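Spelled out from the first residue to the last, the chains are:
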Amino acid sequence: MQAATASAPLLHIRTVWKKFGDRVTAAGVDLQVGNGEFFTMLGPSGSGKSTVLRMISGLEQPDDGRILINGEDVTDLPPWKRGLGMVFQQYANFPHMSVAQNIGYGLRRSNLDRTALRQRVSELLDLVSLPGFQNKPVTQLSGGEQQRVAIARALAPRPRLLLLDEPLSALDEKIRREMQLQLKDIQRATGTAFVYVTHDQEEALTMSDRVAVLNWGYLVQIDAPLALFRQPRTKFVAQFFRGSNVIEGRFTGSGAQTVFDCAAFRLDCGAVDNAANPPAVAIRNEDIRINPRATEHETTFDAVLERVVYRGIYTDFQFKLADGQIIVASATSGEALDPGAKVRLAVRTDRIIPLHAEPS
Amino acid sequence: MASRMTSSGRRTPPGRSLVWLFLIGILVFLYAPLVPPVLLALQDPATGTLNVTSFGAIAGDQVLMGALLNSVIRAIIVGIAAPLLGLAAAQAVRAFGIPRLIITVILLPLFIPGASMGVSTSLFFKLTAIPPSLFTMAVVQILWALPFAFLIILTVMSGFDTIYLEAAYTSGSNRLQAFWDIELPQIAPGISGAAIFSIILSFNETVRTAIVQGGNNTVQTFVWSRYQQVGLTPNMYALMSLIIAVTLLLILALVVLGRRGQNKTQGRAVTTASEG
Numbered sequence: 001m002q003a004a005t006a007s008a009p010l011l012h013i014r015t016v017w018k019k020f021g022d023r024v025t026a027a028g029v030d031l032q033v034g035n036g037e038f039f040t041m042l043g044p045s046g047s048g049k050s051t052v053l054r055m056i057s058g059l060e061q062p063d064d065g066r067i068l069i070n071g072e073d074v075t076d077l078p079p080w081k082r083g084l085g086m087v088f089q090q091y092a093n094f095p096h097m098s099v100a101q102n103i104g105y106g107l108r109r110s111n112l113d114r115t116a117l118r119q120r121v122s123e124l125l126d127l128v129s130l131p132g133f134q135n136k137p138v139t140q141l142s143g144g145e146q147q148r149v150a151i152a153r154a155l156a157p158r159p160r161l162l163l164l165d166e167p168l169s170a171l172d173e174k175i176r177r178e179m180q181l182q183l184k185d186i187q188r189a190t191g192t193a194f195v196y197v198t199h200d201q202e203e204a205l206t207m208s209d210r211v212a213v214l215n216w217g218y219l220v221q222i223d224a225p226l227a228l229f230r231q232p233r234t235k236f237v238a239q240f241f242r243g244s245n246v247i248e249g250r251f252t253g254s255g256a257q258t259v260f261d262c263a264a265f266r267l268d269c270g271a272v273d274n275a276a277n278p279p280a281v282a283i284r285n286e287d288i289r290i291n292p293r294a295t296e297h298e299t300t301f302d303a304v305l306e307r308v309v310y311r312g313i314y315t316d317f318q319f320k321l322a323d324g325q326i327i328v329a330s331a332t333s334g335e336a337l338d339p340g341a342k343v344r345l346a347v348r349t350d351r352i353i354p355l356h357a358e359p360s
Numbered sequence: 361m362a363s364r365m366t367s368s369g370r371r372t373p374p375g376r377s378l379v380w381l382f383l384i385g386i387l388v389f390l391y392a393p394l395v396p397p398v399l400l401a402l403q404d405p406a407t408g409t410l411n412v413t414s415f416g417a418i419a420g421d422q423v424l425m426g427a428l429l430n431s432v433i434r435a436i437i438v439g440i441a442a443p444l445l446g447l448a449a450a451q452a453v454r455a456f457g458i459p460r461l462i463i464t465v466i467l468l469p470l471f472i473p474g475a476s477m478g479v480s481t482s483l484f485f486k487l488t489a490i491p492p493s494l495f496t497m498a499v500v501q502i503l504w505a506l507p508f509a510f511l512i513i514l515t516v517m518s519g520f521d522t523i524y525l526e527a528a529y530t531s532g533s534n535r536l537q538a539f540w541d542i543e544l545p546q547i548a549p550g551i552s553g554a555a556i557f558s559i560i561l562s563f564n565e566t567v568r569t570a571i572v573q574g575g576n577n578t579v580q581t582f583v584w585s586r587y588q589q590v591g592l593t594p595n596m597y598a599l600m601s602l603i604i605a606v607t608l609l610l611i612l613a614l615v616v617l618g619r620r621g622q623n624k625t626q627g628r629a630v631t632t633a634s635e636g
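Protein chains in written order, with our numbering: chain U, 1 to 360; chain Z, 361 to 636.
To be clear, the hints were calculated from the coordinates, so they are not data collected in a lab.
Please read these numbers as outputs of a predicted model, since none were measured by experiment.
Do not take every clue at face value.
What the hints assert, rightly or not - Covered stretches of chain Z (in silico footprint by chain U; criterion: 3 or more residues with CB under 8 Å from a CB of chain U, positions within the stretch not fixed):
| hint | segment |
| --- | --- |
| 1 | 512 to 524 |
| 2 | 529 to 536 |
| 3 | 539 to 545 |
Positions of the beta carbon are idealized from the N, C-alpha and C atoms, including for glycine.
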């Protein structure tokens, strides 16, 4: 491994553009990943997250922009000269090789003697909780086991950065949840920076130090999971994390005195630059209280209950606002309410998030 | 009631015997012509008794033995060259964004009638002042075998997922290493199949070869000219029997290889499917 340039981030993607035909899959994406970070790119299919990952790996070439690793420009280097590891959704273990041969594949040019090689393979198998799997044919392993072999193979040469392209998407729910925690453990144990691609919001929130949300090739927001969840930047981000209401309204006033105004309530926004059009705010379902004794920090408004949806741990109450917009509140306690009931709702004012325009 | 149901359940549907009849008819049509040479080869023409002297006589025919050696050398050259060229072309189909064009260009010579192809190749050699030789014969046979070898390799390669190559690249292997370590072992059954098929095609090819053969014979051109000049002899019967036997053995090897390749891919498909 080469020494990092003092100030340079581990990975720096500088205004990278990529088009496939008419489809833009990376529109001036700009981001940095630090040492030891678990960084996730989250987005629906077609958002460009996998393309950005493949450009980091060298499997795709950007049309424009640069990719730097430890300050070194690797944009024109082929994948085999970038010193990165990659894990694929389809595992891509070599079917004609045993588990040990697969893991050892990336170590061939590392000048390890046989004993050291065997030692390293066994270390990696311990790391991914598959001790003693050396001589098994990879084709006879379960999906979860295969993916762990693939992770061990990618980590074997001690890469500067591990790229993971939807590695858990082919696994079933239960295994996927176990693997999320295990991946986080592996990442902590090795201290390797992970760049992880997924379309699953829960996966992103569970494992990541920071999450980048992408849509139509644009980077919409980069934040820590909690900030992303609590303070979505745009309507797209708010709706991508399920359980958020987007209420539209209009602005009155201007400059620092801008006020968001919808039929139900008014909200002082201060100065809003690049606001969503039409103006909108996001409110998470669980932040809405029904018929409360409101405090001064809360904004209150009237609504009519439309329907009640029982979801197990919590219940969704669907309300209609005065202008006909629907707002959903989730509560764990079963409110004894029937459709048609007129209620008063309250939300902590700082949990009403003014939304910005989508990047374009 | 129960017994009646059982008996009717066991009865062969009427269509079934018809299918068998057709199948037998087709088999007779295909294989009956191969039987007389074998029977005649084993029969002493003078006495009508069973013996194998005709087979022995083959070994004594110097011209034939020379032709056989030529055939073998040619088959080896074609069996190596055609799969290699076919592999290169199949790689090009995958690498360049114009698969249809490449496939058409490679397969087109297949549709040119043999004699025309042979004559034009011969003319080409004449214009370029290349005298008829083992080399010119090898060239026309490679031209003939290449489209087949190409198709076989292309088929096997289409079952190979290039994600394995990407995994190899990101594991530090360049294109050549990735091909050698990862792709070649997985498409090997297709390449050996193409080689065997090319050997058979080389051995069988007569028309194109005869036009550029010059003074050299192959087994097929020998059989062809001997048939035209002398007609049928017990030695010819014996030779044909041998050729039939060897060809069938090679085809058998091809089938076995094909099955092994299939089992491998099926085994993979089963494990992938079981992950759901």
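Hints breached by this structure
Hint check: nothing fails, all pass.
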